[in-house]
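Model the full structure from these sequences, guided by the hints.
Quick note, the sequences are listed as chains A and B, same order.
For what it's worth, the numbering used here labels the leading residue of the first sequence as 1, then goes sequentially.
For what it's worth, the numbering used here labels the leading residue of the second sequence as 1001, then goes sequentially.
Hints may be right or wrong, so weigh each one.
To be verified - In silico DSBU-like links for lysine-lysine, alpha-carbon gap of 30 Å or less: (1) B:K1090 to A:K193; (2) A:K148 to B:K1154; (3) B:K1071 to A:K148; (4) B:K1154 to A:K193; (5) B:K1071 to A:K193; (6) B:K1069 to A:K193; (7) B:K1071 to B:K1057; (8) B:K1057 to A:K148.
What the hints assert, rightly or not - Reference listing, derived: stretches of chain A covered by chain B, where coverage requires no fewer than 3 residues with Cβ under 8 Å from a Cβ of chain B: (9) 18-29; (10) 57-64; (11) 72-84; (12) 216-226.
To be verified - A few chain A positions that, by computed beta-carbon distances, are all more than 12 Å from chain B: (13) Q49; (14) E68; (15) N155; (16) A159; (17) A183; (18) R197; (19) G201; (20) V231; (21) Q239.
Don't read these hints as lab results, they were simulated from the structure.
Cβ coordinates follow ideal geometry from the N, Cα and C atoms, glycine included.
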Amino acid sequence: MTELNRHDAASNCDAITELVADYAFGLTSADESRLVESRLPACPEAASQLADFRRLQDEMRLSVPQIEPPAALADRIMAAAAATAVSVTAAPPPRITLLNANRGWLAAAAAIALLLLTNIYWLTRVSEPLPDQLATFVVNSEDIRWAKLPAEDENSAAAAFIMWNPGGTDGMMYAENFPSLEAGQIYQLWLTKDGVRTPVGSFSVNEEGAAALLFSAEQPVGSFAWAWITVEPESGSTQPSDNIVTGGEL
Amino acid sequence: MQPVFNDQDVMRRIMAQDQQAFHALYNEFGRAVYSLAYRVLHNAQLAEEVTQDTFLKVWQRKAQWDPNKGKLINWLLAIAHFTAIDQLRKENRQPNLHPESIEEIEYIVPPDPNSAAWQDGMALHMMISRLSEDQARLIELAFYQGLSHSEIVKVTHIPLGTVKTRLRRGLQRMRELWLDSVRNKS
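Below, the structure written as structure tokens:
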């Protein structure tokens, strides 16, 4: 990184650190939130402060004066639960073999992603289960987590999806509408936790701008906070460039 | 002897629609959820509704806990908090003209000065008392009431720039005080 680039990076991180309190408390605008989310992996101080604020918020919620709810509330909640019990699938759905590296799993990943897209299914702060109609396409839908990584550029149609099993170190990524790269370049997937960015795989896209990637991390995928895809030299990088294509919170 | 509450075991059983496990979840955390809901809404009936909504979201698998992301209680309280703020926004369209004060509530749990929870709560209240009155009020509005900057301006009649600066400084100061208290405890 050149001196100018280091200076620019430091200024960007100063701006993000300035915003991180607002971001943690839901006070930033959509543009500001996007800016923080895109720059956070490159700003360990801001990431550390965000983690502090999240822990502080947990403490603030726990520390309110404790009031005993009315005894009848428990009965009402249990009755409502009994009336809305969700049916449990008796037989497990067919499993997709994630370790099969032939085109079969690529097509399966594409099918999952297409169904996700047609349902316009967005990730929220709280992980949500996949819709019931996808249950037959994935391994034991109760155990799958997934996240959408939207484009850094709001005018871009590029998007990526990450899926993983809680506690598992393997994951699957599907990308679509990614721009073609110049010769000597590659896309690289990063997972971020506590300001540390870990490369987990690289890929190139086909003529339609799509790709699927199976990856493994050294720690459970679900333990990471963010995922990013950047453009890197073909030989790969040990640290992400600033050329972020998509990124988002896991 | 009461069985030990195991977060992961209980949640796994709830995902399998075990009603006994769901009851155990409510027994363990119902008070904390209700108390937070009441803190936001200052209304017992609305707090009950939010508590019910929170637990039913878990039961109906509209929300799933990931143990890698944090403790079950914190996840549950976050759901309760957002649900309560949503309810508050609905109520603000038809404002509650007779909010209850906590003194009117009959079921306040007497604090246990020996409990870690009570001590942590006291430490947090002491931190807030070390902020300026304006900063503490702004944090109350932003966090517990879920107001945006512009909504805070409407309520307080403080200019937007001043709200942003005071709130940001208050939050950073609170963070510093909290980090100091965490270091002193360890």
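Hints, one by one, checked against the model:
Restraint check for K1090 (chain B) and K193 (chain A): not satisfied, since their Cα atoms lie roughly 36 Å apart, outside the 30 Å limit. With a C-alpha separation of about 35 Å, the suggested pair K148 (chain A) and K1154 (chain B) falls outside the 30 Å cut-off, and the hint is violated. The suggested pairing of K1071 (chain B) with K148 (chain A) holds, with an alpha-carbon distance near 24 Å, which does not exceed 30 Å. Distance restraint check for K1154 (chain B) and K193 (chain A): the Cα-Cα separation of roughly 38 Å exceeds the 30 Å cut-off, and the hinted pair is therefore not satisfied.
Using a Cα cut-off of 30 Å, the hinted pair K1071 (chain B) and K193 (chain A) holds, with the two alpha carbons roughly 17 Å apart. Between K1069 (chain B) and K193 (chain A) the alpha-carbon distance is near 11 Å, which keeps this suggested pair within the 30 Å criterion. Distance hint between K1071 (chain B) and K1057 (chain B) is fulfilled; the C-alpha atoms sit about 17 Å from each other, no more than 30 Å. Note on K1057 (chain B) and K148 (chain A): the hinted pairing holds, with a Cα-Cα distance of about 22 Å set against a maximum of 30 Å.
With a threshold of 8 Å between beta carbons, the proposed coverage of the region 18-29 of chain A by chain B holds, since 7 of its residues qualify and at least three are required. Requiring three or more residues with a Cβ within less than 8 Å of a Cβ of chain B, the coverage given for the region 57-64 of chain A holds, as 8 such residues are present. With 9 residues bearing a CB less than 8 Å from a CB of chain B, the region 72-84 of chain A meets the requirement of three and the coverage assertion stands. Closer than 8 Å: that is the beta-carbon criterion, and the region 216-226 of chain A has 3 residues meeting it against chain B, so the requirement of 3 holds.
For Q49 (chain A), the requirement that its beta carbon stay farther than 12 Å from each beta carbon of chain B is not met, with the minimum near 7 Å. For E68 (chain A), the non-interface assignment is contradicted: its Cβ lies about 4 Å from the closest Cβ of chain B, within the 12 Å cut-off. No Cβ of chain B approaches the Cβ of N155 (chain A) within 12 Å, the least distance being about 26 Å, so the stated non-interface status holds. Listed as a non-interface residue, A159 (chain A) keeps its Cβ farther than 12 Å from every Cβ of chain B; the least gap is roughly 22 Å.
For A183 (chain A), the non-interface assignment is confirmed: its Cβ lies about 39 Å from the closest Cβ of chain B, beyond the 12 Å cut-off. R197 (chain A), annotated as away from the interface, keeps every beta carbon of chain B farther than 12 Å; the closest lies near 18 Å. For G201 (chain A), the shortest C-beta to C-beta distance to chain B comes to about 20 Å, beyond the 12 Å cut-off, and the non-interface label holds. Residue-level check passed: V231 (chain A) sits 29 Å from the nearest beta carbon of chain B, beyond 12 Å.
No Cβ of chain B comes within 12 Å of the Cβ of Q239 (chain A); the nearest lies about 24 Å off, and the non-interface call holds.
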